[in-house]
Structures are given as structure tokens and as C-alpha cells.
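*Asks:* Protein sequence lines, in the order shown, are assigned to chains A and B. Using this note's numbering, read the first sequence as starting at 648 and increasing by one per residue. Using this note's numbering, read the second sequence as starting at 237 and increasing by one per residue.
Please note that the accuracy of each hint is not assured.
[Claimed, not checked] No farther apart than 25 Å at their CA atoms in a straight line, the calculated lysine-lysine pairs in the PhoX-like style are these:
no.: 1; chain 1: A; residue 1: K706; chain 2: B; residue 2: K334
no.: 2; chain 1: A; residue 1: K934; chain 2: A; residue 2: K830
no.: 3; chain 1: B; residue 1: K304; chain 2: A; residue 2: K706
no.: 4; chain 1: A; residue 1: K706; chain 2: B; residue 2: K369
no.: 5; chain 1: A; residue 1: K706; chain 2: B; residue 2: K384
no.: 6; chain 1: A; residue 1: K830; chain 2: A; residue 2: K840
no.: 7; chain 1: B; residue 1: K304; chain 2: A; residue 2: K983
no.: 8; chain 1: A; residue 1: K706; chain 2: B; residue 2: K327
no.: 9; chain 1: A; residue 1: K929; chain 2: A; residue 2: K827
no.: 10; chain 1: A; residue 1: K1030; chain 2: B; residue 2: K369
no.: 11; chain 1: B; residue 1: K305; chain 2: A; residue 2: K983
no.: 12; chain 1: A; residue 1: K706; chain 2: B; residue 2: K392
no.: 13; chain 1: A; residue 1: K934; chain 2: A; residue 2: K833
no.: 14; chain 1: B; residue 1: K305; chain 2: B; residue 2: K384
no.: 15; chain 1: B; residue 1: K384; chain 2: A; residue 2: K983
no.: 16; chain 1: B; residue 1: K304; chain 2: B; residue 2: K272
no.: 17; chain 1: A; residue 1: K929; chain 2: A; residue 2: K830
no.: 18; chain 1: A; residue 1: K711; chain 2: B; residue 2: K384
no.: 19; chain 1: B; residue 1: K392; chain 2: A; residue 2: K711
no.: 20; chain 1: B; residue 1: K392; chain 2: B; residue 2: K327
no.: 21; chain 1: A; residue 1: K746; chain 2: A; residue 2: K1030
[Stated by the list, open to error] Residues of chain B placed beyond 10 Å of chain A at every Cβ, according to the derived structure:
no.: 22; residue: L239
no.: 23; residue: G253
no.: 24; residue: F292
no.: 25; residue: D295
no.: 26; residue: E308
no.: 27; residue: P335
no.: 28; residue: F338
no.: 29; residue: F386
Just so you know, the hints here were simulated from the structure itself, not pulled from any lab data. The beta-carbon is built from N, C-alpha and C at its ideal position, and this holds for glycine as well.
Okay, here's what each chain looks like letter by letter:
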Amino acid sequence: MSQHISLPEGNIEKQTSTINIGPTHPATHGVFQNIVELDGETVVSAEQTVGYIHRAFEKIAEHKPLYQITTLTDRLNYCSSPINNMGWHIACERLLGVKIPKRVDYLRIIIMELARISDHLICNSIVGVDSGAYSGFLYVMQYRELIYEIYEEICGSRLTTNIGRVGGFERNFTSVAFEKLEKFIKEWPVVLKEFDQLFVRNRIFMDRTIGVGPISAERALNYGFTGPNLRAAGVDYDVRIHAPYSSYDDFEFTIPVGTTGDCYDRFLVRDGEMWQSLELIKQAYQKVQEFKGTEAEVFHAEVPEYYLPDKKDVYTKMEALIYHFKIVMGESKMPKGEIYSSVEGANGELGFYLISDGSRTPYRLHFRRPSFIYYQAYSELTKGGLLSDAIITMSSLNLIAGELDA
Amino acid sequence: MALTNEIIREKITEKFGEQTTEWEEPYGMLTFSSEKNLNLKVLQFLYDEPSLQFRFLTDLCAVHYPEKKGSELAVVYHLHNLVDNIRIRYKVFTDVNKPDVFSASALYQAANWMERETYDFFGVNFIGHPNLKRILNVDDMEYFPMRKEFPLEDQKRIDKDDEMFGR
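Start from the sequences, fold in the hints, and give me the full structure.
*Replies:* Pasting the structure below:
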């Protein structure tokens, strides 16, 4: 039989095609690149390139006093910057040996859990978008807006919050902040319930996510997974339980775990965590309301050497003026020491390895960035799957370019 | 019986004797170091020994101490035993002129990118690493920017085009 189409030389069945997803592509939701090798529609291999928005935070941090590093941590996982800020403050406080009042701890928990909800709702709704359901994303966005308004009420900014100080908060929560928090506690469960109904038992969503991008518990641990991605594989490791900080041990909450570590389990774990975060916020808010008298006004610890004083006091009080000058001019020296302190970020264990040689700036500061560590498993997660599954796997890992690159 | 720092220290010194040094406990975390050629043996022992089981590599990074002649670069491993929930820190020191350290990437997959990052910023040459190339910086960079001799950019420099950099 004569051949009508002239094929290129070589065995066409073995030819693969290479596709670049990223650095700027709607599917990556951030600035990083995946070079995917495809055989038809099946992924043969994937290679990741990161570093497009590397900003040398660790180098900059070696030249900044403690309070100026907070703004750097904002820009790690910018979907939940308050957790990064508080994680950094907690690391500093552990180094300095500061004792934090209970009310500050509880206020911090409210903010951190709000941040966790805002991060998880983005991730889960983006998984929805990538599987074809756009409306859920637009709907929950209203409540991220409400969370951002609460941040705004407390610290004045929304995305890169720079919230709090070493020792506590810069000001007490206003009554408007508490009103908005009450509104959130009242309205959010209804919305989250609707969001669950849209996805959890949705035939199309289940077909698109069950068995996609799975990882075993053993592999996940070996890859250094932490956070929801590890818990979806069935390991109940959570820094809030294993190394409690900020009085998390005063609260009742459970850690949702999955079994297969696929996209569906990751979705469910994040979903369960949002419900648990809501419970934590309710409990913490109740505990905050129980404080009476002067205790109800406490919003920072007494660490004048590191806590930037109120501007009003700087103009009227001698001590405040002195400490303001010392902190801003970098006269406040840190104790010598070496500390690893971590918090449960929205993506996993966010660690700060801080070495101080007794000067005003850290000698070395290393950020343990969870998404940088688990992104290396992407190739293994997607191998043998379809290209469209690789896209969903990417969004369900919740990769944040700011955190990948530091 | 819960695993404590004393027991871990006992086990390690029982196995390695005088080869492990600089035992400390800053802020409660057991810290020790050894000769750099022993690093894989120590890590493997910590991984395999049934009573220790440090199976989770939390963090790997380097620190540069320019004044410590002959052992300028420290590679720091943070390990976590998830069963007994205890962390330790292990350091090896290497000469900055011959920064060869064995790679732990065969033991921990997580070490792969962390070692690439450490190479990228400090120039630690991890022997046995499957793909040791720069990860966050550009490929044709000729120096290792996190070493202490590299200063931050001079804020007053004038040779840059302001229009391009928005200053």
C-alpha cells in the first residue's frame, strides 16, 4: 500500500513533545515554570524551574534589625502573611525570652486562623477553577475581602500586612474589628457549607480529582512534605500540636487527615481545616471576651527594648522617646544565640533558623519555606498522568511563588 | 520511655565515640557536630537506629564564618523524630577553599533542592548529588552571594539607569 502522508523520519510513536507551562501562564498561578515532556496527552516527565522572583531576603535580613525583617516575611506566602509575621515575632520572642500575655496569644490565634482560612479558601477555590467551576471562586472571594477588612482594621493594610510587633500588637483591636469578626463568625459557616455542597460530592469534581497526583505517606515524609499536603497522605503532623506556640494547647480542635494524598484528599483536608479554624476563632474570641478590667486592655508584652512605642508616648514621655530612638537607630542588641522556631503556616511548617552573634542584626537567618521543599515532588506526582491532571495537581499543592523563591 | 536529649547523646557517642564534638543545647535543641566525612554515616545511623528514627529532614542550610580558618562553612541539618517528637541539629564544617561534603539526597529526597539552594548561595559542593546546579540565581552567576564577603548593593551607586530601576 502506498503511503499518502509523508511522515518525518524516525519512529513517530516514540516522539514526545515538550510544553512550557510558565513562567507567566494562567495555569501556574504564580511565577514559576514547568517544562513538561508529553507523549500524546500523558506526562512523561516534568522539570521545574524556580527563582524568577528571588529577592535575596536572607541576605537583606542580615543587614536589618528585627522589626524591619517583618516586612520581608510578608512577602513569603502572601496569601497568609499574618502567619508569617507572627511566626517571625514568635521566633524573635523565643530568642529574647519574652513572656507573652495570654490575651495577646489569643488575639494572635484569631488573626492566624483567619489567615489560614483566607489561604485555604483561595487554594480550594482555585482547584475548583482548574476543574471548571468558576462560581465558587467568585463567591468565597467576598469572604476573603471581609478577612482583609479585619486585617485593615487592626494594622491598616490588607495583603502584605506587617501586622504586630515583637511582643504583641501595635494597637488594641477596635470595636469595629470585633464587629467584623462577629459578622464573619456568623456568615462564613453558611457560605462554607454552600461551597462544600458545590464540590465535595460533585460527580465531575470527584472524577477530576480522585486518584490524581497521589503520594504515599512514606514518600511524602521523605520529600519533606508538611502541612495539609502531608496530612492528606495520612500523617497527622501539625506544628500546632507537636510544638505548641501562642497557647494553642489551650484549645480544643482536631487535625483532619486523608489517606491517599491525592488532589481530592488535599481538598478535603484543607476544607476540614477551615472548619477547625473557625472553631478556633470562636473559642479564642470567647476567651478574649472573658478578660475583665485592665487585663482586657492588654495588647502587648512589656519589652521596651524591642517593642516600638506608641507615637503619642514618643512625643510626651522620656522613656518612650529613648526606646524609640534606640530601636529605630538600631541600638537594641540581641542576645547571642541560635534558635530554630517554627509555626504551622498555611502550606506547612514555616521555620525560622536564626543565628545571632550579639549584634543588632541576625548573623544568619534561614527561612524553611514549605512550598519550596514539597514542589520538588511535582515531577513524581504528575508522572504518567494527563496534562490536565498535572495542572490540577499544581494548584492543589498550593504553590506560592513568593514562598518558593524567598 | 520518652526519648530525651541525654539518651540521644548517649546513643550517638556510644556509636561514634570521640568523633562527635561540640555538644550544646541552645534553647533546648540538642546540637552537635562531627568531621565532615562522617556526615552520611551519622545521618544513616540517626535514620536507621530503631530507638532514634530521625526520618524527617526539616531543614538543611549553610552558615559562613569567615574568621574560623579552615572550617569556614557550616552545613546545618535539622532532623525531626516524628514518633517521639524531638528535634536535633547536626553540623559539619568544611574549608571554604575545598567545600566538598557528601550529599544526603539519597537518604532524604527533601535534601535535593535544599542542597541545590545551599550550593547556589554558599558554593558547598555536594558530592553524589544527582543534579547539582543553581536553583534560585541565574545559571551564569560566578560567585556565591550568601558568603559574608559579598556586601549588599551600594544604595548610592549611580552607574545604573534610573529609568529601568525606578529609583
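*Asks:* For each hint, tell me whether it holds in the structure or not.
*Replies:* For each hint, the structure was consulted:
| no. | hint | result |
| --- | --- | --- |
| 1 | A/K706 x B/K334 | holds (23 Å) |
| 2 | A/K934 x A/K830 | holds (18 Å) |
| 3 | B/K304 x A/K706 | holds (20 Å) |
| 4 | A/K706 x B/K369 | holds (20 Å) |
| 5 | A/K706 x B/K384 | holds (9 Å) |
| 6 | A/K830 x A/K840 | holds (16 Å) |
| 7 | B/K304 x A/K983 | holds (18 Å) |
| 8 | A/K706 x B/K327 | holds (21 Å) |
| 9 | A/K929 x A/K827 | holds (13 Å) |
| 10 | A/K1030 x B/K369 | holds (23 Å) |
| 11 | B/K305 x A/K983 | holds (21 Å) |
| 12 | A/K706 x B/K392 | holds (18 Å) |
| 13 | A/K934 x A/K833 | holds (17 Å) |
| 14 | B/K305 x B/K384 | holds (14 Å) |
| 15 | B/K384 x A/K983 | holds (18 Å) |
| 16 | B/K304 x B/K272 | holds (15 Å) |
| 17 | A/K929 x A/K830 | holds (12 Å) |
| 18 | A/K711 x B/K384 | holds (15 Å) |
| 19 | B/K392 x A/K711 | holds (18 Å) |
| 20 | B/K392 x B/K327 | violated (38 Å) |
| 21 | A/K746 x A/K1030 | violated (49 Å) |
| 22 | L239 | holds (14 Å) |
| 23 | G253 | holds (25 Å) |
| 24 | F292 | violated (6 Å) |
| 25 | D295 | violated (4 Å) |
| 26 | E308 | holds (13 Å) |
| 27 | P335 | holds (16 Å) |
| 28 | F338 | holds (18 Å) |
| 29 | F386 | violated (8 Å) |
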